[in-house]
Amino acid sequence: MRRFFLPVVLVLTVVATACTVTLGDKAEQRSTSSTSTADTYSSPIPDSKEPVAAVTARVLPAVVNVTSKITSADGQSGQGVGSGFIVRSDGVIVTNCHVVEGASEITVFTSEEEPTEYDARLLGADCQHDLAVLKVDATDLPTVALGGSADLRLGQRVVAIGYALGLDGGPSVTTGIVSSLDRTIQVQDPGCDVCETNQSGQPFRTYSDVIQTDAAINHGNSGGPLLDMQGNVIGINSAGNDQAENIGFAIAIDSAKDTISASQQDPLAPQAYLGVSTDTVDGAVAAQQDLTVDHGAYVVSTTSDGPAGAAGVEAGDVIVAIDGADVTTPEDISAILSDLRPGDEVSIVLVGPSGDERTIELSLGSRPIPAEIP
51 MRRFFLPVVL VLTVVATACT VTLGDKAEQR STSSTSTADT YSSPIPDSKE PVAAVTARVL
111 PAVVNVTSKI TSADGQSGQG VGSGFIVRSD GVIVTNCHVV EGASEITVFT SEEEPTEYDA
171 RLLGADCQHD LAVLKVDATD LPTVALGGSA DLRLGQRVVA IGYALGLDGG PSVTTGIVSS
231 LDRTIQVQDP GCDVCETNQS GQPFRTYSDV IQTDAAINHG NSGGPLLDMQ GNVIGINSAG
291 NDQAENIGFA IAIDSAKDTI SASQQDPLAP QAYLGVSTDT VDGAVAAQQD LTVDHGAYVV
351 STTSDGPAGA AGVEAGDVIV AIDGADVTTP EDISAILSDL RPGDEVSIVL VGPSGDERTI
411 ELSLGSRPIP AEIP
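Residue numbering for the sequence shown is 51 to 424, as defined by the working numbering.
Any given hint could turn out to be false.
Stated by the list, open to error - Taking CB as the label site, the calculated pair distances span:
hint	residue 1	residue 2	range
1	Ser404	Thr189	49 to 55 Å
2	Ala188	Val102	27 to 33 Å
3	Thr166	Gly402	38 to 44 Å
4	Gln252	Ser139	37 to 43 Å
5	Asp201	Glu364	56 to 62 Å
Quick caveat, the hints were computed from the structure, so don't treat them as lab data. Virtual Cβ for every residue (Gly too), placed ideally from N, Cα, C.
Given only the sequences and the hints, what does the whole structure look like? Please build it.
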């Protein structure tokens, strides 16, 4: 993924206080049982000479590959690859915030030999705990149960499952122990516009209530489950350490349960999505691009498979009206879209590079996660 540990300022201090952004009183969390809003299994995994294999067989069908398409304001496209796990049979999936942060498209693949592909959208997120909750349109999916992290013990055996390094051939399974509890770590987050920055100017987030494990966690594992030997999720794999061996980190599941529950009860409303990156048309832009208009939103690029590009909007066009409302700046596009819903049919008035005006009709898409592209 796009995240790397800060090479010098990694914080490994054991903390006794609650998380920076509280999802619920920590004392209350430690006293609650391991039941959750997830679909739970009726019985624990039986004793076996191969307990890791038993955990894997039970949980693997509920582990998914999460890919995100990210298009920057200058039209550059990239792709992130991470993992996730299904907690409700109608398609509720948990992953890391940084796996989908800034994405213009989110796609989920199941772990079957011939994976099923789903388009996903955001239900809720808490990026201070590196958590995102997604939804796909499906039923009768396999699920994994949420356990509890309050009673974890040092040395306790754990299993990590995820799509390490995005390798072909399905997810990877690694095993280890709980190496430490209640870590606080700092992780670089290039996609964060509101984070603190280090001395090199790189944005970073600080995560508390983090489990340290020696189970291998590599890029691509992010968002996958860290499991106890009963097959319950006790952490969300978040980061590996490129500067040291046998050190990986997972967000404790107890600190994520409130957000998972709230996201299901009160999901974010789908947001209308056009799929264009634009610039303000002013005197300088008009002169530089030899435009025939002195206002509007100049189209720098369109996202791949976005509604605008599919309908014929091209780089170099100037958007001057949407759905009967005038567009004088890119901010007008966001304001207009905020009053519309995915699936709405709208007309867009464009002025082409040669000065010709045309009107196109299109159906708005659904933006999967807040991003810079309207």
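Evaluation of the provided hints:
1. In this structure the hint that Ser404 and Thr189 lie 49 to 55 Å apart at CB holds, the actual value being about 50 Å.
2. Between Ala188 and Val102 the CB atoms are about 28 Å apart, so this pair conforms to the stated range of 27 to 33 Å.
3. Between Thr166 and Gly402 the Cβ separation comes to about 41 Å, which falls inside the hinted range of 38 to 44 Å.
4. Between Gln252 and Ser139 the CB atoms are about 40 Å apart, so this pair conforms to the stated range of 37 to 43 Å.
5. Checking the proposed 56 to 62 Å range against Asp201 and Glu364 shows it holds: the Cβ atoms sit about 58 Å from each other.
Violated hints: none; the structure is consistent with every hint.
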